[in-house]
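Numbering (our numbering) for the sequence shown: 1 to 302.
Since the hints were made in silico from the structure, they are not lab data. Fair warning: this is a prediction, and the values are worked out from it, not measured in the lab. No false leads were mixed into what you were given.
In silico lysine to any residue, SDA-like type, Cα no more than 20 Å apart, as pairs:
id : residue 1 : residue 2
1  : 282       : 6
2  : 158       : 31
3  : 26        : 37
4  : 239       : 271
5  : 52        : 274
6  : 221       : 252
7  : 243       : 284
8  : 221       : 192
9  : 221       : 254
10 : 282       : 5
11 : 239       : 287
12 : 221       : 193
13 : 239       : 278
14 : 52        : 239
15 : 26        : 182
16 : 239       : 8
17 : 26        : 70
18 : 225       : 247
19 : 225       : 244
20 : 243       : 215
21 : 225       : 251
22 : 26        : 52
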Amino acid sequence: MTSGTFPTDVAAVDTMMGTRAGPNAKLNYANLTGIRDADSKSMNFPAQYMFKDVPFSDQARDSDGELQDPPQGADLCLPFMDRNNVQLAMVGIGPDKSESRAMIEQHPDRFIPSHEPDPNDGPESIRTIRRLHRDAGLRAITAFPAGRDPQVPIDDPKMYAIYELCCELNLPVFCCAGIPGPRVPFAPQRVELIDQVMYDFPDLTFVTRHGCEPWVDLVVKLMLKWPNLYYSTSAFAPKHYPKAIIDYANTRGADKILYAGYFPMGLSLDRIFTELRDVPFKAEVWPKFLRENAIQVLGLDA
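All chains should be built: construct the whole structure from the sequences, respecting the hints.
Structure follows, in structure tokens:
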């Protein structure tokens, strides 16, 4: 298989970026109440044990020796995006005005909004999605089935109400699948649960997050089967992209694999884009992977 040179002239669309770094990153996981071990509670984010060289894990000190928080929001993200040719990044927003909402309002050409509803909130989660879609230009729904308390499996009836609304509003769902990094039970994220969802919602666009391991071969089979099922590379350093995913992108799945990073949670954009140069994608796959597939899935104007 002949791989193509990494295209430095393709402006990427990152389908997973955070807005807080350092100790402030803990605020992103306030809803992850099911973790019980003390070690996890001491981390800036609950899968930190899986990563080395976590961005901003060591805080700088000023001239007086006082700890300094790293930049947050747009001040954090834009310098990394600019030097790595990332044109757009999808960031999560909540129902209220927040730092991420301000980022999108101030830089609508650089950031696009997603939202992670809590299916346990029932009708209120549906009302929030409708309000964000109307008032904040919501582009996608995200889900962390194993991270809810109580957990909400991919095929849970509580999720079906959200899937139905996503079909109505033409919103894709980006959903964690496979063994979660945080130390919570994995059963809600078994990849085979996606099969029934795709059967019941043929119009739903469903994008997996966080690798689908150890069921990568299964998700490839499911992507062959279901036209609206996609895979994003979030939380994986490029040197660890599963071979089955690279092979699929280079053969029948060029339109199915989306780039997603994991900055600033566990991976630096500088590291990601350095390692991407060694990923053996074919030349014609690179623009689709970095940009075009995300534009299509998110309904963006190229």
